[in-house]
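Residue numbers (my numbering), protein chains in the order written: chain L, 103 to 517; chain Z, 3 to 362.
Worth flagging that the hints you see were computed from the coordinates, not collected in a lab. Ideal Cβ positions, reconstructed from N, Cα and C, are used throughout, including at glycine. Please note: incorrect hints may appear among the correct ones.
Unchecked claim - Just the calculated beta-carbon pair ranges, DEER-fashion: (1) Ala232/L - Thr49/Z: 52 to 58 Å; (2) Gly315/Z - His509/L: 48 to 54 Å; (3) Val301/Z - Pro104/L: 47 to 53 Å; (4) Leu106/L - Ser148/Z: 27 to 33 Å; (5) Glu204/Z - Gly339/L: 18 to 24 Å; (6) Glu505/L - Gly133/Z: 33 to 39 Å; (7) Asp346/L - Glu160/Z: 17 to 23 Å; (8) Arg233/L - Gly315/Z: 43 to 49 Å.
As the list claims (entries may be wrong) - Okay, the calculated bits of chain L under chain Z, using three or more residues with CB under 8 Å as the criterion: (9) 353-363; (10) 379-387; (11) 474-486.
Said to hold, decoys possible - Here are a few chain Z residues that sit away from chain L, every Cβ distance over 12 Å (derived from the structure): (12) Leu35; (13) Val119; (14) Thr190; (15) Val241.
Now for the letters of each chain:
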Amino acid sequence: MPLLSNLTAVENVFLGLHGRGFLAPSGRRGLAKRYEEVARVLSGAPPPQAVLETLRQDEWQLVAIIRALATDARILVLDEPTSSLDGEERSSLHRAVTELADGGLGILYVSHFLDDVIQLCDVATVLRDARVAMSLQTEGLTQQTLLEGMTGEVAVSTTSRTSRASEPTAGDRSPILLEVSGAAGGALYELDLDVRQGDRIGLFGPQGCGARDLLQGLFGLQRLRGSIRWLDSPLRGSTRSRIDAGVAYLPPDRKFGLMFDWPVADNLALPSLGARHGLAPVRRRANRTAATTAISRFGIVGRPEQTVRTLSGGNQQKVSLSKWMHGSATLILADEPTRGVDVRGRRLIHEMLLAFAEAGNAFVMYSTDPEELEATCSRVVIVNEGRLTQELVDDEITIERLEAIAHVRHSAVAS
Amino acid sequence: MSLAGGRFRGREQIGRLKDFSILLIFGIVIVALSLATPRFLTVTNLTNILDQVALIGIIAMGMTMLLISRNFDLSVGGQVAFIGLVTVKIANSHGLAAGIVAGLCTGLACGLFNGFVVTTLRVNSLIATLGSGLIFSGLAFVLAGSSPISPVDTSFQEFAIADFLGLPAPGWVFIVVAVITGWLLHFTVGGREIYAVGENPEAARYAGVRSTRIHYFTFAYIGILCAVASLLLVGQLNVADPSAASTFPLDVIAATVLGGVSIAGGKGSVHMAVVGVFLIGMISNGFNLLNLDPNLYRVMTGSIIIAAVAFDGAVRQWLTTPGAVRVRARDDEEEARTTLTPGPADGSTSSVRTLGGGSR
Chain L
103 MPLLSNLTAV ENVFLGLHGR GFLAPSGRRG LAKRYEEVAR VLSGAPPPQA VLETLRQDEW
163 QLVAIIRALA TDARILVLDE PTSSLDGEER SSLHRAVTEL ADGGLGILYV SHFLDDVIQL
223 CDVATVLRDA RVAMSLQTEG LTQQTLLEGM TGEVAVSTTS RTSRASEPTA GDRSPILLEV
283 SGAAGGALYE LDLDVRQGDR IGLFGPQGCG ARDLLQGLFG LQRLRGSIRW LDSPLRGSTR
343 SRIDAGVAYL PPDRKFGLMF DWPVADNLAL PSLGARHGLA PVRRRANRTA ATTAISRFGI
403 VGRPEQTVRT LSGGNQQKVS LSKWMHGSAT LILADEPTRG VDVRGRRLIH EMLLAFAEAG
463 NAFVMYSTDP EELEATCSRV VIVNEGRLTQ ELVDDEITIE RLEAIAHVRH SAVAS
Chain Z
3 MSLAGGRFRG REQIGRLKDF SILLIFGIVI VALSLATPRF LTVTNLTNIL DQVALIGIIA
63 MGMTMLLISR NFDLSVGGQV AFIGLVTVKI ANSHGLAAGI VAGLCTGLAC GLFNGFVVTT
123 LRVNSLIATL GSGLIFSGLA FVLAGSSPIS PVDTSFQEFA IADFLGLPAP GWVFIVVAVI
183 TGWLLHFTVG GREIYAVGEN PEAARYAGVR STRIHYFTFA YIGILCAVAS LLLVGQLNVA
243 DPSAASTFPL DVIAATVLGG VSIAGGKGSV HMAVVGVFLI GMISNGFNLL NLDPNLYRVM
303 TGSIIIAAVA FDGAVRQWLT TPGAVRVRAR DDEEEARTTL TPGPADGSTS SVRTLGGGSR
């Protein structure tokens, strides 16, 4: 989001738009008034003097929209506006967009959330391989039709329960990998969690609920208090020692997981760098062979020597994930693993994670998306304000239920 | 995404194109100087150039490593001066061997100090080494007292002017250092880590690269190279002068950057840095041979550096912005032409606005 977190909403909106000299007075009052005028068409717009870093993600989006409106825009292009928002924030943004459209503004809405497109838009245009694959009125349109347009295949569906092989196999008998008790740090207040072999655990909660702090803390990226035991010995030390122990972390933002100008093969070899002696020779040929294997095993569309920047988002995320899977990791901490990934890539990443757990490993995934958790997890832990508030197992995990939990929490916060 | 596929596929070639442009300048300079004066392309002159660039070249190898790891060292001049005085003082009082060992240890200590300030104290390397450079050169002046100190032992001078197999000793040292640096950077796991830390420090950390260790190593390495250069400088001048190496930092960085090593980190190579070192040396040599005003040499070098880096920036910009799409906004009064690019919205008053997406 190209906004400045240290400035107020009104300053962000009119930054560079004053059309006045560098030394001219800032004209604060007049701008605040214009801000109010423009913001009137939107419900839930933040007050003009609110400093951005104190606002929620959806309010940032509203400020960005107000900024666009302040330039007398006739067309508003929204490029994945909801990818960093949770459910309730998303619907408040959608209300705003609908209001604007009713007010006569043209909206071009780019999104990979199919439901949103169908509900919000009048016409849906699917682009595939840089061409218009289909363009249809959304009235009566189904997700299925859009999916077919996107993938070019008939009858694909998002990962569903049917693709999960033997259901609750990971009973209490399989050995414990990770035992967390009383974990605290960052936004995390207190949390207990056991992870067994074959476990597919989801953490569900809004941004800043502490789930991310737990994952990053387990990976040694930030300090975590409490008892953390890995295979019956304490898990501590640097990120390196956790990797050596078999713990891996998949960051939510691919720019933290990849060297974009490096070839796929070198990216896949990245975790092995710190494990070997600094003066050890680079094994270029071995890395290449390993990359060829990983590419075919995980269905990455790309060549070993191709730079990662040139891959699609989904394939980039697959590279980011496979660099752990083809190593010795036994626990993957997946932090919003499919943020900004298209439908097909998303399904493949889910399949990778499911296969990983099936093979006697485990993953803990943080997601704000009920659909994702429903599709992949055998246990979902609801995290709120740094604490575990509820736990759902197997059949209890439904999209409706998770959405209801998110909704209750949101209205509780609002009141 | 094949949307921009055609262009993306050209990326690797562009990287090579950049190297190519430096090699092209290199070739042009060689041809031009050979045509301008018959004295240029002679064995004597070429070994002369090697002798002249050796000291800058030795330190430039360490600077290459530092720049690739996204760090900077402005303190090399101060280090060379300080190490020179420590070496000569100790050599004069305790003998040659003690002096050399003390010099190398001082270099290592200076490097580790820089590493400490940059990693543990988390000071930006530019500021850290600006400060430590002042400290080191200040200490050099303190050690020197009122006047530069000459070494009693003549071995320094004898080595610095000696020839082996037709090449000057400093030239040999430069060659050895370049080979070692090339091996470290391009053929070892540690070298890959240096590139990783410079390319994307966060991603390197997330992949378990111990960047603190890398930063300590690269600063210690350039410290030791400063010690080596300092020993040779003492020999060449036959005196340890606290102000002798004052132009070193900029000369070294100039040569390195000219060789295509990016100060943004992650990009560059030892062989191209060597080309940069020789390019600077040849330009200087050409000015000498042609009896041009030596002050103009600085103007020339400065211009070439700016041109080279501007080119680098242009290439980078071109690589990181996706193709701009021409959008024609339909408007009743005016036919507004606007360029629609994803990412930060600019301040223009176009009638189409883009809000950057959450991730890309």
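Hints and how they fare:
no.: 1; hint: Ala232/L - Thr49/Z: 52 to 58 Å; verdict: 57 Å, holds
no.: 2; hint: Gly315/Z - His509/L: 48 to 54 Å; verdict: 49 Å, holds
no.: 3; hint: Val301/Z - Pro104/L: 47 to 53 Å; verdict: 40 Å, violated
no.: 4; hint: Leu106/L - Ser148/Z: 27 to 33 Å; verdict: 55 Å, violated
no.: 5; hint: Glu204/Z - Gly339/L: 18 to 24 Å; verdict: 20 Å, holds
no.: 6; hint: Glu505/L - Gly133/Z: 33 to 39 Å; verdict: 56 Å, violated
no.: 7; hint: Asp346/L - Glu160/Z: 17 to 23 Å; verdict: 51 Å, violated
no.: 8; hint: Arg233/L - Gly315/Z: 43 to 49 Å; verdict: 34 Å, violated
no.: 9; hint: 353-363; verdict: holds (count 10)
no.: 10; hint: 379-387; verdict: holds (count 6)
no.: 11; hint: 474-486; verdict: violated (count 0)
no.: 12; hint: Leu35; verdict: 35 Å, holds
no.: 13; hint: Val119; verdict: 21 Å, holds
no.: 14; hint: Thr190; verdict: 5 Å, violated
no.: 15; hint: Val241; verdict: 38 Å, holds
In terms of the numbered hints stated before, the structure departs from hints 3, 4, 6, 7, 8, 11 and 14, listed from lowest to highest.
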